[in-house]
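Asks: Here is what each chain is made of, one letter per residue.
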Amino acid sequence: MKCGIVVFPGSNCDHDCYHILKNILKQDTHWLWHKDSIDLSSFDLVVLPGGFSYGDYLRAGAISRFSPIMNSVIPFAEKGGKVLGICNGFQILLESGLLPGALMQNHTRKFICKNVYVRVESTNTPFTQECQDKSVLDIPIAHHQGSYYIDHHSLIDMEEKGQILFRYCDSKGNITDSSNPNGSVGSVAGVCNEQKNVMGMMPHPERCSDPLWPNIDGQSIFNSLIAQG
Amino acid sequence: MQNEPEITAQLVKDHGLTGEEYRRILDLIGRKPNFTELGIFSVMWSEHCSYKSSRPFLKKLPTEGPRVLQGPGENAGVVDIGDGLAVVFKIESHNHPSFIEPHQGAATGVGGIMRDVFTMGARPIALMDSLRFGELDDPRTRFLLNGVVDGISNYGNCTGVPTVGGEVYFDSCYNGNILVNAFCLGLAKSDSIFLAKAGGVGNLILYVGSKTGRDGIHGASLLASSEFDDTTEDKRPTVQVGDPFTEKLLIEACLEIMEFDWVVGVQDMGAAGLTSSSFEMAHRSQAGVRMDLSKVPLREEGMTPYEILLSESQERMLFVIEPGNEEEAIAILEKWGLDAAIIGEVIEEPGVHIEFEGKEVVNLPTFPVVDGALDLKRETQRPEYLDKVGQLNLTELPEPARGDKAFTKLLACPNIASKEWVYEQYDHMVRLNTLVLPGSDAAVLRIKDTDKAVAISVDCNSRFCYLDPYEGAAIAVAESCRNLSCSGATPIGLTNCLNFGNPEKPEIMWQFEQAVQGIGDTCLYFDIPVVSGNVSLYNETKGEAIFPTPTVAVVGLIEDQTKVMTQGFKKSGHCIGLIGFTMEELGGSEYLKVLFDKNEGKPPVLDRKHEKQVQEFCRELIQKGLIQSAHDCSEGGLAIAVAESCFSSPEEAMGATLNLESTIRGDALLFGESHSRIVISFPEELTDQIEDLALGYPVDFSLIGKTGGSQFTATINGEEYIKQDIGTIKEIWKTSLGRYAGQTT
Numbered sequence: 009m010k011c012g013i014v015v016f017p018g019s020n021c022d023h024d025c026y027h028i029l030k031n032i033l034k035q036d037t038h039w040l041w042h043k044d045s046i047d048l049s050s051f052d053l054v055v056l057p058g059g060f061s062y063g064d065y066l067r068a069g070a071i072s073r074f075s076p077i078m079n080s081v082i083p084f085a086e087k088g089g090k091v092l093g094i095c096n097g098f099q100i101l102l103e104s105g106l107l108p109g110a111l112m113q114n115h116t117r118k119f120i121c122k123n124v125y126v127r128v129e130s131t132n133t134p135f136t137q138e139c140q141d142k143s144v145l146d147i148p149i150a151h152h153q154g155s156y157y158i159d160h161h162s163l164i165d166m167e168e169k170g171q172i173l174f175r176y177c178d179s180k181g182n183i184t185d186s187s188n189p190n191g192s193v194g195s196v197a198g199v200c201n202e203q204k205n206v207m208g209m210m211p212h213p214e215r216c217s218d219p220l221w222p223n224i225d226g227q228s229i230f231n232s233l234i235a236q237g
Numbered sequence: 004m005q006n007e008p009e010i011t012a013q014l015v016k017d018h019g020l021t022g023e024e025y026r027r028i029l030d031l032i033g034r035k036p037n038f039t040e041l042g043i044f045s046v047m048w049s050e051h052c053s054y055k056s057s058r059p060f061l062k063k064l065p066t067e068g069p070r071v072l073q074g075p076g077e078n079a080g081v082v083d084i085g086d087g088l089a090v091v092f093k094i095e096s097h098n099h100p101s102f103i104e105p106h107q108g109a110a111t112g113v114g115g116i117m118r119d120v121f122t123m124g125a126r127p128i129a130l131m132d133s134l135r136f137g138e139l140d141d142p143r144t145r146f147l148l149n150g151v152v153d154g155i156s157n158y159g160n161c162t163g164v165p166t167v168g169g170e171v172y173f174d175s176c177y178n179g180n181i182l183v184n185a186f187c188l189g190l191a192k193s194d195s196i197f198l199a200k201a202g203g204v205g206n207l208i209l210y211v212g213s214k215t216g217r218d219g220i221h222g223a224s225l226l227a228s229s230e231f232d233d234t235t236e237d238k239r240p241t242v243q244v245g246d247p248f249t250e251k252l253l254i255e256a257c258l259e260i261m262e263f264d265w266v267v268g269v270q271d272m273g274a275a276g277l278t279s280s281s282f283e284m285a286h287r288s289q290a291g292v293r294m295d296l297s298k299v300p301l302r303e304e305g306m307t308p309y310e311i312l313l314s315e316s317q318e319r320m321l322f323v324i325e326p327g328n329e330e331e332a333i334a335i336l337e338k339w340g341l342d343a344a345i346i347g348e349v350i351e352e353p354g355v356h357i358e359f360e361g362k363e364v365v366n367l368p369t370f371p372v373v374d375g376a377l378d379l380k381r382e383t384q385r386p387e388y389l390d391k392v393g394q395l396n397l398t399e400l401p402e403p404a405r406g407d408k409a410f411t412k413l414l415a416c417p418n419i420a421s422k423e424w425v426y427e428q429y430d431h432m433v434r435l436n437t438l439v440l441p442g443s444d445a446a447v448l449r450i451k452d453t454d455k456a457v458a459i460s461v462d463c464n465s466r467f468c469y470l471d472p473y474e475g476a477a478i479a480v481a482e483s484c485r486n487l488s489c490s491g492a493t494p495i496g497l498t499n500c501l502n503f504g505n506p507e508k509p510e511i512m513w514q515f516e517q518a519v520q521g522i523g524d525t526c527l528y529f530d531i532p533v534v535s536g537n538v539s540l541y542n543e544t545k546g547e548a549i550f551p552t553p554t555v556a557v558v559g560l561i562e563d564q565t566k567v568m569t570q571g572f573k574k575s576g577h578c579i580g581l582i583g584f585t586m587e588e589l590g591g592s593e594y595l596k597v598l599f600d601k602n603e604g605k606p607p608v609l610d611r612k613h614e615k616q617v618q619e620f621c622r623e624l625i626q627k628g629l630i631q632s633a634h635d636c637s638e639g640g641l642a643i644a645v646a647e648s649c650f651s652s653p654e655e656a657m658g659a660t661l662n663l664e665s666t667i668r669g670d671a672l673l674f675g676e677s678h679s680r681i682v683i684s685f686p687e688e689l690t691d692q693i694e695d696l697a698l699g700y701p702v703d704f705s706l707i708g709k710t711g712g713s714q715f716t717a718t719i720n721g722e723e724y725i726k727q728d729i730g731t732i733k734e735i736w737k738t739s740l741g742r743y744a745g746q747t748t
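Quick note, the sequences are listed as chains G and V, same order. Read in our numbering, the first sequence has 107 at position 99, and its numbers run on one by one without any break. Read in our numbering, the second sequence has 103 at position 100, and its numbers run on one by one without any break.
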């Protein structure tokens, strides 16, 4: 699989995504510089990594969406290319209009970095096809603006279309208020577009994919993508 | 240009210089300084920059060793770890700014220490902080705690450098003067370490990073080098404002530029900004420097040379490069969206010559500015309070029949309770190196592309230092090393941040001298070089000094990253063992403070030889794969150490049963803080092997109980002393600090 990882000024999970895709999962992985507008058609996957692009000034993702590289990423996505946005990457995908909804400040008004559990809500996508339906992944979050919001009707619409991919849950897969770390509507942790080729998630699968640690739950997401080639 | 003020006695005083110092300036330069030059002397001769009170004492620290590539005197210390790699580290204070403006004060403290590390050519890979606040009942404590943690979180997270641990303490001695000590560790190739030098004639001086503004002027001289009083709030404008986004770009751009061999020297613009970076570089290279301030990128119009030179605007660096490479350098910096300008060159004529708008505004030799401050030869005198607090009569201390109440009180006390509320606000995982997450004895980071890992621990028990500064400082070193040993690491280097009161008082200087001696002697015994450090004096408010607080951070090396130990019990039914022995020592303990509101007595005795054997024994057990957990006994004693091993278990509710035999008081046995003790757990069948090894050292080793069950139970000589439901006490321990921090009243 040919992967491109976008480096925005202030990206800081770019190296982690690169490490997992290139060194652990042995994929053909390349850097994409934010100032370049290039033809991405030869890529199988474009990753928008986590971090604080443009310092998260104004609003997380609000400035990055105007980066030249987004002029390549948006048409790539519109033609069916697979795009994975993690954390800040998810925020950028929302600001670019590639995904519906918005991410607000955590209801705790604090940055939160810890391991949480998410339940896989749909396996009928290129990002989750290798996951077990309703399985629980142990996965870290690290964000300040991760409270997903969308109006009630749109949320139901997305649920019906299978666009809700992950929800925060407890270790047994129960969705409760106390297992929702940031106040996201419907405990939503990750969503995709209607065409199912663009996915954004707040948790960091790249932080639980290196077998040096006992937990490699994040690999199921990357392996889903690799299985498609 | 505006008219410069006349130099008067009052103006000299306002610049924090004494009459004697001013006369020394006249002697050294042979004329009256102008206003700008007076400003330069003011910052460079301040306590903060010149170490004029502390320097003679610091010479006693051992700074050499076979692994040391760079000792004190540069931006940070450098220690070789093999495989062509070196770790670069330092700890530094940002106490006064953080008290006045907690968010920005702490944030810029983090930014400053990171620049010290990447200035040397190292990529910062870990941050830690030692934070000390006043008593919980002080209304300002909660505000300061929230502000400082928020500032560190905001700055550290944005730069993509994980904050992997640290310490948080509360004591009324910090009510008027909190401590924020920031530590950074970086990784560099051992053959490409950059120093702050200017090199040969013709080399160009390249300014990199944020534009210069009016912020932070006299931060080092007036804010950091004097006591707090009623006018302290007025000094808020001297606190700098941080921009972590620019810092992140600066890290990437600087490391990219440093790949080229035309980079001669690098210095960050920290305290005293452009002044100290230019003078120190010139001085170290025994070269002359000419600079034109008109070329410095400025944030606002109308800035005077005085302001430009003394500004402490953040996120700025000074490079010296060989001529002919400026276009390539500036292209790289522009790629990262940073300001850059050639502002001067290295010249034959010695001294620093600074022009502004075509006129020479500074012409000073480097020696008087950099090294000319008087060594003050401060007097020392043993403080009288020691006679009063030194005695603790245990017979006057009522001994409770059971320990449950004391146990739960200690678990809830914020010095012992989980620091989860703090470290969950820090990104402690980014960059995928953090093998041991915060909440253990030491943080451990793998070194990518090698089999190695490094461990870091930062420590100081200032109550012990108050009762005996020499022993307290020695204990800080020993405990920090013990923390590393519990993770499996061998200590290889130390950095310290010496926080004390007003050096003009002989009693304070006595504490300082004793503490430095205590660190020095212990480092010598353990064979650990002190490679960098920072001194923070004047930590007093209205004449009330903090406890002497010599914070140490020790870095350790683990050769095999798969042999890293953690503190949590792993399995039910494992044996619990105690390395070391417990004496009847309650002096300076958390138990004494929390239960009786006393800080008296002598700190527990540190036997260095025993300590060393205990640590070596623990490391051997880890090496041989004989144990499943190791945890240091410190604040709260044995009971708290075992409870923490229960709470850190990967299993949700892991209890423990302790069956102790002893003739000493129950409270001293379970809550006393005797040193050189480590709680370990292991499968029962390995008991004989571990006991045999212990005999060989020899170290004391005893079986004290078993893991498992849903209770924490301790019996002494067959009688139940503590019995608590593990889920209940874990909840108390886990949530206590967060509940305090979040209270709105």
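Among the hints, erroneous ones may be present.
[To be verified] Have a look at the derived ranges for each label pair, beta carbon to beta carbon:
1) P222(G) - D454(V): 27 to 35 Å
2) L258(V) - D47(G): 28 to 36 Å
3) L258(V) - D159(G): 27 to 35 Å
4) D452(V) - D159(G): 46 to 54 Å
5) K412(V) - P222(G): 48 to 56 Å
6) G76(V) - D47(G): 46 to 54 Å
7) R117(G) - E547(V): 30 to 38 Å
[To be verified] Calculated cross-link-like contacts (lysine-lysine; reagent style DSSO-like; alpha-carbon spacing at most 30 Å):
8) K737(V) - K122(G)
9) K238(V) - K122(G)
10) K422(V) - K118(G)
11) K422(V) - K43(G)
12) K118(G) - K566(V)
13) K596(V) - K30(G)
14) K118(G) - K709(V)
15) K30(G) - K574(V)
16) K192(V) - K422(V)
17) K412(V) - K34(G)
18) K180(G) - K709(V)
19) K34(G) - K709(V)
20) K451(V) - K142(G)
21) K566(V) - K10(G)
22) K142(G) - K709(V)
23) K737(V) - K180(G)
Hints were generated in silico from the structure; no laboratory data involved. Here a beta-carbon is modelled for each residue, glycine too, at the ideal position from N, C-alpha and C.
Asks: Against each hint, give a clear statement of whether it holds in the structure.
Replies: Here is how each hint holds up against the structure:
For P222(G) and D454(V), the Cβ-Cβ distance of about 18 Å falls outside the hinted range of 27 to 35 Å, so the restraint is violated. Here the CB-CB span from L258(V) to D47(G) is close to 30 Å, well matched to the stated 28 to 36 Å. For the pair L258(V) and D159(G), the beta carbons lie near 45 Å from each other, so the given range of 27 to 35 Å is not met. Distance hint check: the CB atoms of D452(V) and D159(G) are about 48 Å apart, consistent with the given range 46 to 54 Å.
At roughly 35 Å, the beta carbons of K412(V) and P222(G) sit outside the given window of 48 to 56 Å. Separated by about 53 Å at the C-beta atoms, G76(V) and D47(G) satisfy the suggested range of 46 to 54 Å. Remark: the range hint 30 to 38 Å for R117(G) to E547(V) is upheld by a beta-carbon distance near 34 Å. Simply put, K737(V) and K122(G) have alpha-carbon atoms about 14 Å apart, close enough for the 30 Å limit, and the pair holds.
A hinted pair counts as satisfied when its Cα atoms are at most 30 Å apart, and K238(V) with K122(G) does not qualify at roughly 38 Å. As the CA atoms of K422(V) and K118(G) are separated by approximately 15 Å, the hinted pair is consistent with the 30 Å bound. For the given pair, K422(V) sits about 41 Å from K43(G) by alpha-carbon distance, which is inconsistent with the 30 Å threshold. Straight-line distance between C-alpha atoms of K118(G) and K566(V) comes to about 35 Å, which puts the hinted pair past the 30 Å bound.
Our distance criterion of 30 Å between C-alpha atoms is broken by K596(V) and K30(G), whose separation comes to about 54 Å. Taking the CA atoms of K118(G) and K709(V), the gap is near 39 Å; set against the 30 Å cutoff, the hint is violated. Using a Cα cut-off of 30 Å, the hinted pair K30(G) and K574(V) is violated, with the two alpha carbons roughly 36 Å apart. Restraint check for K192(V) and K422(V): not satisfied, since their Cα atoms lie roughly 34 Å apart, outside the 30 Å limit.
The hinted pair formed by K412(V) and K34(G) fails the criterion: a straight-line CA distance of about 52 Å is larger than 30 Å. Distance restraint check for K180(G) and K709(V): the Cα-Cα separation of roughly 29 Å lies within the 30 Å cut-off, and the hinted pair is therefore satisfied. Simply put, K34(G) and K709(V) have alpha-carbon atoms about 44 Å apart, too far for the 30 Å limit, and the pair is violated. Restraint check for K451(V) and K142(G): not satisfied, since their Cα atoms lie roughly 35 Å apart, outside the 30 Å limit.
Distance hint between K566(V) and K10(G) is unfulfilled; the C-alpha atoms sit about 35 Å from each other, more than 30 Å. Taking the CA atoms of K142(G) and K709(V), the gap is near 38 Å; set against the 30 Å cutoff, the hint is violated. Under the criterion of a C-alpha separation no larger than 30 Å, the hint pairing K737(V) with K180(G) is consistent with the structure, at around 21 Å.
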